[in-house]
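Undergrad: Below, each chain spelled out in residue letters.
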Amino acid sequence: MYDAGKVIIGLAIFLVLITFPVWYTAAIGNASYVPDPQIVTTARTCVAPTVYMRASHMELLNQWRNEVVRRGSRRYTAFDGTVHEINLVNTCMRCHSNKAEFCDRCHNYAAVGQPDCWNCHVAPEGDGR
Amino acid sequence: MSIDRRTFFRIAGLATLGLAIKPGFEVFGQGEDVVDSTAAMGRPLSAKRWAMAIDVRCCLDQKDCRKCILACHQVHNVPDFGNPKDEIKWLWKEPFDRAFPEQEFQHLPEDFERQVVPVFCNHCDSPPCVRVCPVQATFQRDDGIVITDQHRCIGCRYCMAACPYGSRSFNWRDPRPFIKNIDPKYPTRTRGVVEKCTFCVERLTQGLMPACVEACAAHALTFGDLEDAGSEIRGLLRRRLAIRRKPGLGTNPEVYYII
Numbered sequence: 001m002y003d004a005g006k007v008i009i010g011l012a013i014f015l016v017l018i019t020f021p022v023w024y025t026a027a028i029g030n031a032s033y034v035p036d037p038q039i040v041t042t043a044r045t046c047v048a049p050t051v052y053m054r055a056s057h058m059e060l061l062n063q064w065r066n067e068v069v070r071r072g073s074r075r076y077t078a079f080d081g082t083v084h085e086i087n088l089v090n091t092c093m094r095c096h097s098n099k100a101e102f103c104d105r106c107h108n109y110a111a112v113g114q115p116d117c118w119n120c121h122v123a124p125e126g127d128g129r
Numbered sequence: 001m002s003i004d005r006r007t008f009f010r011i012a013g014l015a016t017l018g019l020a021i022k023p024g025f026e027v028f029g030q031g032e033d034v035v036d037s038t039a040a041m042g043r044p045l046s047a048k049r050w051a052m053a054i055d056v057r058c059c060l061d062q063k064d065c066r067k068c069i070l071a072c073h074q075v076h077n078v079p080d081f082g083n084p085k086d087e088i089k090w091l092w093k094e095p096f097d098r099a100f101p102e103q104e105f106q107h108l109p110e111d112f113e114r115q116v117v118p119v120f121c122n123h124c125d126s127p128p129c130v131r132v133c134p135v136q137a138t139f140q141r142d143d144g145i146v147i148t149d150q151h152r153c154i155g156c157r158y159c160m161a162a163c164p165y166g167s168r169s170f171n172w173r174d175p176r177p178f179i180k181n182i183d184p185k186y187p188t189r190t191r192g193v194v195e196k197c198t199f200c201v202e203r204l205t206q207g208l209m210p211a212c213v214e215a216c217a218a219h220a221l222t223f224g225d226l227e228d229a230g231s232e233i234r235g236l237l238r239r240r241l242a243i244r245r246k247p248g249l250g251t252n253p254e255v256y257y258i259i
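First to last, the protein sequences are chains A and B.
By this note's numbering, the letter at position 39 of the first sequence is numbered 39, and the numbering carries on one by one without gaps.
By this note's numbering, the letter at position 150 of the second sequence is numbered 150, and the numbering carries on one by one without gaps.
No lab work stands behind these hints, which were simulated from the structure alone.
We treat Cβ as the ideally placed atom computed from N, Cα and C, and that holds for glycine.
Careful, some of the hints might be misleading.
Here are some of the chain B residues that sit facing chain A, going by a computed Cβ distance under 7 Å [said to hold, decoys possible]:
| # | residue |
| --- | --- |
| 1 | 38 |
| 2 | 149 |
| 3 | 180 |
| 4 | 182 |
| 5 | 184 |
| 6 | 187 |
| 7 | 188 |
| 8 | 189 |
| 9 | 205 |
| 10 | 231 |
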């Protein structure tokens, strides 16, 4: 191999640069940063188990939307037999009244920034858009 | 101590049965503590065919009353842009001759000529807006109410072109800054969607009459089930002559103007 020394040094510099994001975050220490959504409520249960809500709340919201708009039904029987009014603002946001600390934290983290919901539905007082 | 095969199965079976006691109680014994947060909502009003009747005489007697318009536009967060080009209207007043262009009599009673009547979406039985909507955002419910699914509307305005009554308005601009008192219980609209009167479907599910009907102090508005022969609206239509807007177009409007 011609110019082995230069090539190897060049490769080493290349490797250091290309792995920069990995060791930089490791060095800074917030590589394991996870969002911490806050819930302010005294209610113990949601309309579905937490695991389901965390992963699939968007599906439930779509289902609720179709139920209300297309089928005109506003009553939802939850997994534990409780009955809830299907209403984003009056039901969901009664417990999750802090959109900025609840919705936005994960949504910003996962870069699904602003879902269209809040273009029309009114977020609880004090949160703005 | 040894245990024979038969005894072992017997004990194992009983033990399994025992394990089922607690879950069994949880499933069958929970009848009492079920929470129903919708209890306060009231029983939803339902009908086979919702329709509205307006007592025109009664309405005219109120002169410049705008209670129904204000109530409707307040509960539905209808913006006021302050110029007719961008105007959004669910319920408004139209001069009699413009609302009923087919009713051109040479000698109309004087007060009719000059007076204005409340007009809004007719929730037609054969709604042209539903037929032209390319995304099925506008649709007719089983109870006859025609509404727009704002989630699905793409803002093409075909429905506005199709509606012969001008009942639909388009949001050319973001309506939020132009709503004086936003009612958080009802969503606003966003830029680029079409909106109109919904016969207050959100109130019907809570057991409430439409906002305009409730707001009318003169009881000029009657809302009810056209398929129910015993309903108030059917009684009214049996006793008195009613006309509809542009019946010749075949849209079958379900808003009746009692003369």
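Undergrad: Identify whether the interface hint at residue 149(B) stands, where standing means a beta carbon of chain A within less than 7 Å of its own.
TA: 5 Å, holds
Undergrad: Holds or violated: residue 184(B) as interface residue toward chain A, Cβ cutoff 7 Å?
TA: 4 Å, holds
Undergrad: Using the nearest Cβ pair, does residue 180(B) come within less than 7 Å of chain A?
TA: Since the shortest Cβ distance to chain A is 14 Å, the answer is violated.
Undergrad: Would you check whether residue 38(B) satisfies its interface hint, that is, whether its CB is within less than 7 Å of any CB in chain A?
TA: 5 Å, holds
Undergrad: Once the shortest beta carbon distance from residue 182(B) to chain A is found, is it less than 7 Å?
TA: 6 Å, holds
Undergrad: Does residue 188(B) pass the interface hint, meaning its C-beta sits closer than 7 Å to a C-beta of chain A?
TA: Because about 5 Å separates residue 188(B) from the closest Cβ in chain A, which is inside the 7 Å limit, the hint holds.
Undergrad: Minimum Cβ distance from residue 187(B) to chain A below 7 Å?
TA: Holds, about 4 Å.
Undergrad: Does residue 205(B) pass the interface check with chain A, least Cβ-Cβ distance below 7 Å?
TA: Constraint on residue 205(B) satisfied, holds at 5 Å.
Undergrad: Against chain A, run the beta carbon of residue 189(B) and see if the smallest gap drops under 7 Å.
TA: 6 Å, holds
Undergrad: Hold the hint about residue 231(B) up to the distance rule: shortest CB distance to chain A must be less than 7 Å.
TA: 20 Å, violated
The structure fails to meet hints 3, 10 from the earlier list, while all remaining hints are met.
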